[in-house]
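**Q** Each chain is listed here by its residues.
There are 2 protein chains.
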Amino acid sequence: MQRLLTPLKQALRLQRATQEPCLTLARLLPAAHQRFSTASAVPLAKTDTWPKDVGILALEVYFPAQYVDQTDLEKYNNVEAGKYTVGLGQTEMGFCSVQEDINSLCLTVVQRLMERTKLPWDSVGRLEVGTETIIDKSKAVKTVLMELFQDSGNTDIEGIDTTNACYGGTASLFNAANWMESSYWDGRYAMVVCGDIAVYPNDNARPTGGAGAVAMLLGPNAPLALEQGLRATHMENVYDFYKPNLASEYPMVDGKLSIQCYLRALDRCYASYCHKIQNQRKRAGINQAFTLDDFQFMIFHTPFCTMVQKSLARLMLNDFLSSSSNTQSSLYKELEAFRGLKLEDTYTNKALEKALVKASLDMFNKKTKASLYLATRNGNTYTSSLYGCLASLLSRHSAQDLAGSRIGAFSYGSGLAASLFSFRVSQDASPGSPLEQLVSSTSDLPKRLDSRKRMSPEEFTEIMNEREQFYHKVNFSPPGDINSLFPGTWYLEQVDQLHRRKYARRPV
Amino acid sequence: MQRLLTPLKQALRLQRATQEPCLTLARLLPAAHQRFSTASAVPLAKTDTWPKDVGILALEVYFPAQYVDQTDLEKYNNVEAGKYTVGLGQTEMGFCSVQEDINSLCLTVVQRLMERTKLPWDSVGRLEVGTETIIDKSKAVKTVLMELFQDSGNTDIEGIDTTNACYGGTASLFNAANWMESSYWDGRYAMVVCGDIAVYPNDNARPTGGAGAVAMLLGPNAPLALEQGLRATHMENVYDFYKPNLASEYPMVDGKLSIQCYLRALDRCYASYCHKIQNQRKRAGINQAFTLDDFQFMIFHTPFCTMVQKSLARLMLNDFLSSSSNTQSSLYKELEAFRGLKLEDTYTNKALEKALVKASLDMFNKKTKASLYLATRNGNTYTSSLYGCLASLLSRHSAQDLAGSRIGAFSYGSGLAASLFSFRVSQDASPGSPLEQLVSSTSDLPKRLDSRKRMSPEEFTEIMNEREQFYHKVNFSPPGDINSLFPGTWYLEQVDQLHRRKYARRPV
Chain A
1 MQRLLTPLKQ ALRLQRATQE PCLTLARLLP AAHQRFSTAS AVPLAKTDTW
51 PKDVGILALE VYFPAQYVDQ TDLEKYNNVE AGKYTVGLGQ TEMGFCSVQE
101 DINSLCLTVV QRLMERTKLP WDSVGRLEVG TETIIDKSKA VKTVLMELFQ
151 DSGNTDIEGI DTTNACYGGT ASLFNAANWM ESSYWDGRYA MVVCGDIAVY
201 PNDNARPTGG AGAVAMLLGP NAPLALEQGL RATHMENVYD FYKPNLASEY
251 PMVDGKLSIQ CYLRALDRCY ASYCHKIQNQ RKRAGINQAF TLDDFQFMIF
301 HTPFCTMVQK SLARLMLNDF LSSSSNTQSS LYKELEAFRG LKLEDTYTNK
351 ALEKALVKAS LDMFNKKTKA SLYLATRNGN TYTSSLYGCL ASLLSRHSAQ
401 DLAGSRIGAF SYGSGLAASL FSFRVSQDAS PGSPLEQLVS STSDLPKRLD
451 SRKRMSPEEF TEIMNEREQF YHKVNFSPPG DINSLFPGTW YLEQVDQLHR
501 RKYARRPV
Chain B
1 MQRLLTPLKQ ALRLQRATQE PCLTLARLLP AAHQRFSTAS AVPLAKTDTW
51 PKDVGILALE VYFPAQYVDQ TDLEKYNNVE AGKYTVGLGQ TEMGFCSVQE
101 DINSLCLTVV QRLMERTKLP WDSVGRLEVG TETIIDKSKA VKTVLMELFQ
151 DSGNTDIEGI DTTNACYGGT ASLFNAANWM ESSYWDGRYA MVVCGDIAVY
201 PNDNARPTGG AGAVAMLLGP NAPLALEQGL RATHMENVYD FYKPNLASEY
251 PMVDGKLSIQ CYLRALDRCY ASYCHKIQNQ RKRAGINQAF TLDDFQFMIF
301 HTPFCTMVQK SLARLMLNDF LSSSSNTQSS LYKELEAFRG LKLEDTYTNK
351 ALEKALVKAS LDMFNKKTKA SLYLATRNGN TYTSSLYGCL ASLLSRHSAQ
401 DLAGSRIGAF SYGSGLAASL FSFRVSQDAS PGSPLEQLVS STSDLPKRLD
451 SRKRMSPEEF TEIMNEREQF YHKVNFSPPG DINSLFPGTW YLEQVDQLHR
501 RKYARRPV
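Those sequence lines, one after another, are chains A and B.
Heads up: the first sequence is residues 1 to 508, going by the UniProt record's numbering.
Heads up: the second sequence is residues 1 to 508, going by the UniProt record's numbering.
Hint data in this document are derived by calculation from the structure and do not stem from the laboratory.
Treat the hints loosely; a few may be bogus.
Any copy, or any two copies together, can satisfy a pair, since identical chains are not distinguished.
[What the hints assert, rightly or not] For lysine-lysine, the following DSSO-like pairs were computed, each having C-alpha atoms within a straight-line distance of at most 30 Å:
| # | residue 1 | residue 2 |
| --- | --- | --- |
| 1 | Lys473 | Lys256 |
| 2 | Lys502 | Lys256 |
| 3 | Lys118 | Lys75 |
| 4 | Lys310 | Lys75 |
| 5 | Lys83 | Lys118 |
| 6 | Lys354 | Lys52 |
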């Protein structure tokens, strides 16, 4: 492989000599790219500049090949029809058998992304994993992923695992972007991987599970650029959802508290985000308040889909309460009865919630609904939930629809850590453009979801029981037929006497 | 507090207006500093420049107030005298009772650092925790630390927990430095926290335990600046040390494999580091090979102290094998018998190891020995081990000795993730300089270690048994007298029925 890369090394040297900020990586992606590498991992002789438009060049979503239908679950659990499908907004839920664990999920999604982009394995200089599906308190999923890079000889890849509930994917994304803007960036791509297996005991919470993973390739000149210098974060110490019982796969959840924490974090992040962007505008000589109108699209971490509709509604409440009374009268007629409320007094106000959801329905349909496509059909995937929403948004809109827009993104992890940030979508939506290629790469999402196998609640429950039985076993090969997995899926082949895990891949 | 900050807000505004890169934070530290804050968390209107000399402004080490003597342990375990004290190079080992856990350790070290630097709590814009002492699979230690910031109203603090064995502290340090060089830096300090409770079953490995935490304050113009654009990393998928048994506090260890992995990672990182720095030199028009002579000091992750002496010796082997035969004859006379060896064939060569340790003894005494002071007396603290070595180095040298030097640092986490990087120490060692203040802040290390209580092996074993019994308990208050803790130590007050942990602080 070294010899193949020689022309590129020359290109890099030339680039260094001319002190251009960096290769236009996005243009190399995905199908028509040339080989790109800094195999020698020599830092580019960059001057102290940030590369332009660091963000997402490509992304890949993985979900299990089997699901349970939520109407079936409603019947099986003897609950009223619509409790899950309407109340939670969930129609189907993906789940994994013992054959899959967090390592195999991440192996699969990384391999798929690398194969689709056709990038050489030594073109990645950073890879970080966000997950809360901990199967080893010390050994990072990242180290298992190094197996994929072995043949390339690329072992100089920064980044390990990062954890706080559903926030780990966002922390990884931020860390990767920071690296790319720092002096330590060596000109190579960063990869952000997030995934989880969300399972609950056989009670009310079980229908809010799910499983999946997302891998994202980051570089400069990205069609989905992170807005430079702009992030709002809110963190607190709370016990709303946590996993203190290390011997069990299941979390402890205070559902009511968690919803309040989520909404409070949303309020705080939105206020801070508006404040920061308004300050940016001021410094640019623009005096204009920021409102939801400035987000053409808005995506959210999705514990269940109706939560997201209420969250967008909540942002409208924020805009309403902070606007002048003239604006309140003209723009928010349906909300006039709620004037003068304080945000912190409204978390359990059902009348307000109802009015907000109604008032924001149009906005929801335009800005957010499309992003829930995957979550509706696959469930909550914790750290990768928000990025599954991003993929859904891309899959349900054309590049033309998206071009030039701002996508707001709210990430929430219990405990709690939350951030609101945004992507600027590139203007160029022409055929073959990076944006168009990224968008079209997500177009198979519906077909892939349709091709999953529908399992009965009985089969689902049986598999959940098996997960419990095998959770701490050693010296076994997981039961099940590998042909039930999608082609190209990595799976757990064996756990030996010493808890060491061995993986294999179903042929593509 | 808001009113107190007003003059600083004005200073910040002025600074923004004049577009100076950033406040010279280091000058504000520690005793004579003025209050500094960006309470409004508005990003500075920086242009696309990296701040100068991002690195460590201040650091704080915490270790438990009790230890067991290794000669006592040798007798108690009926092993030959010197097995632990000479064979491992360990004289004492700190340990925690059930009153302390990873959260309390980190609470203590962060509070101590903030109190000593007298910084306002809203001057921190990023805080990340590296640990492998996982007591919750979802909720990050970072979220518990947010409790300390609550009164200040500062909830906009990026960063969560990061995990891969002993490497988490280094990953956090890198992430914090990247943030500070990125467009997302808002002018505030970053804090890196790492800590662990290293415990083993009652077998051969038990004397290699330890417990402690380190907190580091990061900013520009630091007396210990990270060398810009220079890091060498090596990662692989191996099972040398891991914690797959989630129901136990103890790891699985393949000691022999782990030593080989450590040394292989060291070889690879050193080769890559030399390659990268030589490339930097070439671009600056300097054609000079990098050798150990270019590190005035060298610190290592320290699983046990004799491992570090062998590791420095190993770096000499690297220099020896890559030098010309003339140099080999002149500089490395004692090693001539080992010419022509390949690095990868030498991991178990005892004759070579002995010759190397002898040949590098002088170098060890000059560059590394002082850094082992804390590790010798407190044991392995996993993620914070390397940074305890850094504190030891500072505590055993004068600012004058250190000024202008380069400190090499090798971080290793099983699984595996390893990096070699370096600090440049500032030239200014004058009284009151940031360097002098940082160095003098570590001078009480010997006195603090001396003030610990020596416990008998029987008492130590009893407390280890208690840790096992309480590991998964709920609804209890830890046994023990809080007066056995150092003043100002946070401790676990209660774990309630729902596994929620409550902490209190022993008065200062």
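**Q** Flag every earlier hint the structure violates by its number, smallest first.
**A** Hints 3, 5 and 6 not satisfied by this model.
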